[in-house]
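Undergrad: Construct all of the structure, not just a fragment, from the sequences and the given hints.
In the order they appear, the protein sequences are chains A and B.
Number 301 marks the last residue of the first sequence (my numbering); no jumps.
Number 301 marks the last residue of the second sequence (my numbering); no jumps.
These aren't lab readings, by the way, just hints derived from the structure by calculation.
Where hints are given, some of them may not hold.
Which copy is meant is left open, so a pair is good if it fits within one copy or across any two.
Stated by the list, open to error - Below, simulated DSS-like cross-link-like pairs (lysine-lysine); rule was C-alpha separation at most 27 Å, straight line:
1) Lys142 x Lys207
2) Lys285 x Lys222
3) Lys207 x Lys78
4) Lys285 x Lys207
5) Lys207 x Lys222
6) Lys142 x Lys222
7) Lys285 x Lys142
8) Lys78 x Lys285
9) Lys222 x Lys78
Because the structure is a prediction, the values reported are computed rather than measured.
2 protein chains.
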Amino acid sequence: MPIIESVPNFSEGRRPEVIAALVEAIQAPGVLLLDHSSDADHNRTVITVAGEPNAVLEGVFRAVAVAAQKINLFEHRGEHPRIGATDVAPLVPIEGITLEECVGLAHRLGRRIGEELRLPVYLYAAAATRPERKRLPDIRRGEFEGLLETIHLPERTPDYGPAEVGPAGAVVVGARPFLVAYNIYLQTPDVEIARNIAKAIRESSGGLPAVQAKGFLVEGQAQVSMNLLDVEVTPLHVVFTEVQRLAEAQGVAIDRSELIGLAPERVIRAAAAHFLKLGGADNVHTVEGAMRR
Amino acid sequence: MPIIESVPNFSEGRRPEVIAALVEAIQAPGVLLLDHSSDADHNRTVITVAGEPNAVLEGVFRAVAVAAQKINLFEHRGEHPRIGATDVAPLVPIEGITLEECVGLAHRLGRRIGEELRLPVYLYAAAATRPERKRLPDIRRGEFEGLLETIHLPERTPDYGPAEVGPAGAVVVGARPFLVAYNIYLQTPDVEIARNIAKAIRESSGGLPAVQAKGFLVEGQAQVSMNLLDVEVTPLHVVFTEVQRLAEAQGVAIDRSELIGLAPERVIRAAAAHFLKLGGADNVHTVEGAMRR
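TA: Shown next as structure tokens:
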């Protein structure tokens with residue numbers, strides 16, 4: 009059974025009854041609620057769900073419909089940039105499904121939102137139909153208020169739905185790989201070492217592809233804090249081994265590492281397979297995996 | 009949701025209709041059939057199932073009942089030693105359940121088989137009630153034919169059920185840790201090196217606890233073949249690291265390793281956690297694990 013995750017962001021983080029309605033709506037049959045958190049300053053709620061693709065698409069669609077009914081962007085204020093009541097809804101492959109298949113699902117979800125809810129929909133990330141729509145900040149530039157003025161311009165034509173903006177704004181739908189938040193703590197209080205390693209490994213300064221990294225001092229210990237944007241491109245064990253190499257070159261050992269939040273089992277299997285020389289995650293067969301199939 | 013596995017062995021490996029009836033009976037609601045294999049020479053069938061404890065207990069009980077109806081030990085011939093129609097039914101903790109809790113389940117299953125099917129039941133392994141019943145070969149000594157003569161002796165008194173032997177013989181029920189079959193291939197055709205490493209690491213010659221090991225030559229490559237009887241005691245990564253150390257001391261590298269069959273995800277998480285310094289399997293949280301809960 010293929011499993012996807014979705015992490016829709018809604019522009020409401022203050023009214024408990026609206027948040028509760030979103031959390032309830034998204035739980036269509038077969039949808040598992042993994043997490044939800046609301047931030048009053050950002051005035052925003054992030055819900056994490058997983059399940060079989062059809063179930064997740066149905067749940068997200070229902071929540072998008074509730075958000076469009078109950079959230080009015082003309083009245084919305086918050087620190088976080090936003091373009092719609094459902095600001096963004098990424099679809100993420102977890103198991104037994106490819107990113108390319110999630111692109112197909114994003115089109116299906118986007119088309120349904122456009123046709124049935126009459127909302128403008130933009131596709132982003134791996135589902136983008138134009139290069140300038142790959143990055144979410146580019147689509148969101150000018151936010152809801154700017155979109156009111158610009159939606160009739162050719163470069164703003166939605167991928168699905170009408171070129172008209174109502175109180176629910178637009179919805180950005182897409183497909184992207186799973187993001188792994190990963191920290192490595194060094195046996196040193198010298199934050200400069202963590203900053204240098206972070207600079208050496210992050211993609212933006214010529215390091216490892218699909219890796220974002222910063223150095224911090226956390227409770228007196230140097231920490232390399234990372235987002236791994238695509239662990240198929242740069243897996244966990246490559247990051248660990250490279251940080252270890254760079255740290256040891258400066259006479260510093262790795263103290264420990266930590267995974268923030270949930271990771272797909274495949275990522276863990278790949279790391280174990282690497283260190284045990286098992287020849288890849290596909291050679292690791294688990295009882296639980298067999299039960300899911 | 010706790011998950012256990014059971015791997016009952018039945019004394020029938022030839023009559024397809026009996027094998028089919030066992031495979032059908034064991035699949036009570038909630039029971040997942042992971043594997044089954046029959047051997048005509050051994051005249052024996054091994055079925056692997058997993059699921060929530062109550063479901064697995066119900067399925068195994070149903071299969072034991074079918075075996076008792078359809079298998080007559082007075083007529084059974086095969087190479088493998090056996091004491092009953094259902095020769096042995098181990099319960100194995102997979103996730104969210106301890107070995108001690110599986111001991112409790114073994115008592116429940118044993119009592120039900122004894123009371124409802126009127127079969128003599130012996131508890132073994134972690135569920136044994138006497139030290140001399142820990143090991144399966146000790147309980148099975150003399151096999152079915154011997155038991156006919158000895159069941160009235162005090163040392164043969166069943167743990168549950170009557171001290172009487174009918175055509176279905178006795179059932180041995182127990183709880184044991186998951187067994188991981190694990191092979192490591194060395195970059196050498198010298199089988200003596202594999203044999204020396206096997207001797208150094210197996211428990212029986214003073215090596216690592218809960219490890220059985222032998223050296224083989226497989227397609228021109230030296231292989232250390234192991235059964236890890238309790239990966240809580242000696243985990244996969246300890247075995248790998250120790251074999252690597254011993255091989256390198258003789259100037260030989262590890263080529264690759266392989267897991268035979270299924271392993272619980274916990275074992276894989278523990279290995280990844282060790283090499284990534286995550287501080288133990290409990291610090292690894294997966295999307296799939298969250299979905300199961």
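Undergrad: Checked against the structure, which of the hints given earlier come out wrong?
TA: 3, 7, 8, 9
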